[in-house]
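Enquirer: Listed below, chain by chain, are the residues.
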Amino acid sequence: DVKVTQSSRYLVKRTGEKVFLECVQDMDHENMFWYRQDPGLGLRLIYFSYDVKMKEKGDIPEGYSVSREKKERFSLILESASTNQTSMYLCASSFLGSSTGELFFGEGSRLTVL
Amino acid sequence: RKEVEQDPGPFNVPEGATVAFNCTYSNSASQSFFWYRQDCRKEPKLLMSVYSSGNEDGRFTAQLNRASQYISLLIRDSKLSDSATYLCVGSGGYQKVTFGTGTKLQVIP
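Taken in sequence, the protein lines are chains R and D. For the first sequence, my numbering gives the first residue as 1092, with consecutive numbering after it. For the second sequence, my numbering gives the first residue as 331, with consecutive numbering after it.
Bound conformation, chain R alone (with noise of 0.2 Å):
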């Protein structure tokens, strides 16, 4: 069965902490994504990667990098966290070049920012 785990499924933080989001996926997929989902907004792509230690922006990367040292693993990095980064964060991955379009998703991390 395919599988995206996200590290924390809950997380409360205090304004100007870094945060570590992390995500592993089991299915050998190329791509690899992260997006945040807000009451209203839908969801929105803060980065992907195509490839180990590739990384490309998003529709709202700012206040956020990326990591992707191995194939299965791309952490999202938020340096110094603010209030309106509270959210639920959602990784996906998929095939390169996929045809059916089918992302796959982790459960989300629901991070709160105080």
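Read the hints as simulated data drawn from the structure, not as lab findings. Treat the hints loosely; a few may be bogus.
[Unchecked claim] Quick list of the computed label-pair ranges, beta carbon to beta carbon:
id: 1; chain 1: D; residue 1: S383; chain 2: R; residue 2: M1118; range: 28 to 34 Å
id: 2; chain 1: D; residue 1: T348; chain 2: R; residue 2: D1150; range: 33 to 39 Å
id: 3; chain 1: R; residue 1: K1109; chain 2: D; residue 2: K409; range: 42 to 48 Å
id: 4; chain 1: D; residue 1: P439; chain 2: R; residue 2: K1109; range: 44 to 50 Å
id: 5; chain 1: D; residue 1: G388; chain 2: R; residue 2: R1164; range: 35 to 41 Å
Just so it is clear, CB atoms sit at the ideal spot from N, CA and C, and this is done for glycine as well.
With chain R fixed as given, assemble chain D onto it according to the hints.
Expert: Coordinates of chain D only, in the frame set by chain R:
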């Protein structure tokens, strides 16, 4: 204007009813379209792809109208288990996957 727009609902329908959702897109470069389903507090999962020729999977039918730039999803004989949020997705390749904000469906006993 958002690239993919959906009526947020909620659509409250009785069991057994037929319900249809529409989604409009503004980026004519989008080549592929999909419907995802997201249950409450769960991750989105692919429901079905959308083709110009139509795509049917059991009680679900999806249709793409490129001329009018809209996508539809029809659910026949609604079940309680169909209650979820349905996300319309447009793709111009893996680098450009755009999600709508979702349409909430509540099927009532």
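Enquirer: Which earlier hints turn out false for this structure, listed by number in ascending order?
Expert: none
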